[in-house]
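Please work from the sequences and hints to get the whole structure.
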Amino acid sequence: MAEMEVSKIIKGIEKFIVEMENRTDIDDSQKLYTFENKSMVDSYLNSTLIELRQSYKVFESNSDFVSHNIYCSYLNYWLNKKKKKYLQLTGNPTEGNFRNKVEEYYTNTKDIVNGNDGKCEIEFNEYSNQELTIVNALKNLCYIFKKIKAEKKNKHNINECFALYKYYYSTMNRILENILMLNDNTKIKISKLIKDISCEEIQLSDLSKDIQCEYENNSQYLLIENCENGSCSLEFTKYDDNCNCTYNDIFLSIFVTILGTLFLSFVLYRFTPFGFWINRQIERKKKLLNNLGEDDMKEILDDTPEGIHENSQDFPYHMSYYSLKN
Numbered sequence: 080m081a082e083m084e085v086s087k088i089i090k091g092i093e094k095f096i097v098e099m100e101n102r103t104d105i106d107d108s109q110k111l112y113t114f115e116n117k118s119m120v121d122s123y124l125n126s127t128l129i130e131l132r133q134s135y136k137v138f139e140s141n142s143d144f145v146s147h148n149i150y151c152s153y154l155n156y157w158l159n160k161k162k163k164k165y166l167q168l169t170g171n172p173t174e175g176n177f178r179n180k181v182e183e184y185y186t187n188t189k190d191i192v193n194g195n196d197g198k199c200e201i202e203f204n205e206y207s208n209q210e211l212t213i214v215n216a217l218k219n220l221c222y223i224f225k226k227i228k229a230e231k232k233n234k235h236n237i238n239e240c241f242a243l244y245k246y247y248y249s250t251m252n253r254i255l256e257n258i259l260m261l262n263d264n265t266k267i268k269i270s271k272l273i274k275d276i277s278c279e280e281i282q283l284s285d286l287s288k289d290i291q292c293e294y295e296n297n298s299q300y301l302l303i304e305n306c307e308n309g310s311c312s313l314e315f316t317k318y319d320d321n322c323n324c325t326y327n328d329i330f331l332s333i334f335v336t337i338l339g340t341l342f343l344s345f346v347l348y349r350f351t352p353f354g355f356w357i358n359r360q361i362e363r364k365k366k367l368l369n370n371l372g373e374d375d376m377k378e379i380l381d382d383t384p385e386g387i388h389e390n391s392q393d394f395p396y397h398m399s400y401y402s403l404k405n
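According to the working numbering, the sequence shown is numbered sequentially starting from 80.
Calculated from the structure, these hints are not laboratory results.
Small disclaimer: the values here were computed from a predicted structure and weren't measured.
Quick reminder that beta carbons are idealized off the backbone N, C-alpha and C, glycines included.
Heads up, a few of these hints could be off.
[Claimed, not checked] As a list, the in silico DSS-like pairs of lysine-lysine whose alpha-carbon atoms are at most 27 Å apart:
#1 K226 - K274
#2 K163 - K136
#3 K160 - K228
[As the list claims (entries may be wrong)] Here are the in silico distance ranges between beta carbons for each label pair:
#4 K160 - K228: 29 to 35 Å
#5 S249 - T103: 52 to 58 Å
#6 T336 - D143: 55 to 61 Å
#7 C278 - K110: 39 to 45 Å
#8 S344 - K365: 19 to 25 Å
#9 K228 - K90: 16 to 22 Å
#10 K94 - K268: 20 to 26 Å
#11 E93 - N204: 20 to 26 Å
#12 E182 - K117: 23 to 29 Å
#13 K228 - N116: 22 to 28 Å
#14 K117 - L272: 38 to 44 Å
#15 K228 - D106: 40 to 46 Å
#16 K228 - N193: 26 to 32 Å
Listed below in C-alpha cells is the structure:
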C-alpha cells in the first residue's frame with residue numbers, strides 16, 4: 080500500500096466498514112442449501128453465508144486503504160456479531176450449526192475468489208457485543224498508528240495532525256462507552272482484554288508520547304466543540320483575525336470608544352425625543368418642588384432616613400431656655 084495521508088487512511092477504513100455493514104450486491108433469493116422459505120433461522124444464516132463468501136469484493140475495492148489483516152480482523156468481528164444475532168432468533172438455532180455451515184460454505188470450499196492472500200482464518204469467540212466492538216476499535220487504531228510510524232512522517236499539516244487526534248479520541252470515547260455497558264463480572268477481565276489487543280506502537284494513556292504533531296502555531300485556526308444529537312466532536316474553524324496590535328493601538332481604540340459613546344449620548348440628548356423626554360421630567364420635578372410649601376417639604380423630609388440631618392440644616396427652629404442670671 081502506497082504512502083498516503085492520515086485522513087485518507089481513516090476515511091478509507093470508515094468507507095470499508097460502511098460497505099461491509101450495508102451490502103447492496105447480495106441476492107437473498109439464492110439458496111446455498113435447501114431449507115423452507117418460512118424458516119427465519121435458515122434464511123438469516125443463508126444470507127450471512129452469501130455475504131461472507133462475497134466479502135472479498137468489498138476488501139478488493141478498498142485495498143488501497145485497508146490491509147488484508149485488517150480485512151480479516153473486521154470479517155471475524157462482523158461474523159461473530161452475526162453469530163450472536165443468529166442465536167437470538169426463534170426456531171432452535173444452534174452455534175454448532177452456524178459453525179458447520181461457515182466451514183462448509185466458506186472455509187472448506189474452493190468455489191469463491193479470495194485473491195493472492197487467500198481466505199481469512201475464521202476465529203469464533205465468546206465475546207459480548209461490547210467486547211467485540213472494543214477489540215475491533217483497538218485493532219483499527221493500532222493499524223493506523225503502525226502505518227504512520229512505519230512511514231516515519233511528522234505531521235506538519237495541521238489538518239492531518241488534527242485528523243489523527245480526532246480519530247484517536249473518537250475511538251477511545253467509543254471504547255469507554257462500551258466498557259460502561261458491560262456488567263461488573265465482565266469489567267474485571269476487560270483490562271486484560273485491552274492489554275492483549277493493544278499494540279506496541281501506541282500508548283493508550285498518553286498519545287503525545289507516540290505521535291508528535293509538528294506545525295507552526297497558526298492563529299488563523301480555532302478549536303471548537305460541535306455538539307449535535309447528544310454527541311460532541313472537535314473541529315477546526317477558520318479565524319480571520321490578523322491583527323498585530325500594540326499598546327498604542329489598544330489605548331487609541333479605548334479612547335475612540337469612550338469619545339464615541341459621549342458623542343452618541345450628546346446627540347441622543349439634544350436631537351431625539353429621548354432627550355426631550357428627559358428635559359420634561361427634570362422641569363416637572365423642579366416645578367413640583369417649587370410648589371411645595373415649607374411645611375410640606377419638612378413633612379416629606381421627616382419620612383426619610385436623612386430627614387433629621389436635613390431638617391437641622393435647611394429649616395430654622397427655636398429652642399426655649401431659661402437664663403441662669405438673676
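Evaluated hints:
no.	hint	in the structure
1	K226 - K274	20 Å, holds
2	K163 - K136	24 Å, holds
3	K160 - K228	31 Å, violated
4	K160 - K228: 29 to 35 Å	30 Å, holds
5	S249 - T103: 52 to 58 Å	26 Å, violated
6	T336 - D143: 55 to 61 Å	57 Å, holds
7	C278 - K110: 39 to 45 Å	42 Å, holds
8	S344 - K365: 19 to 25 Å	22 Å, holds
9	K228 - K90: 16 to 22 Å	20 Å, holds
10	K94 - K268: 20 to 26 Å	33 Å, violated
11	E93 - N204: 20 to 26 Å	24 Å, holds
12	E182 - K117: 23 to 29 Å	26 Å, holds
13	K228 - N116: 22 to 28 Å	52 Å, violated
14	K117 - L272: 38 to 44 Å	40 Å, holds
15	K228 - D106: 40 to 46 Å	42 Å, holds
16	K228 - N193: 26 to 32 Å	29 Å, holds
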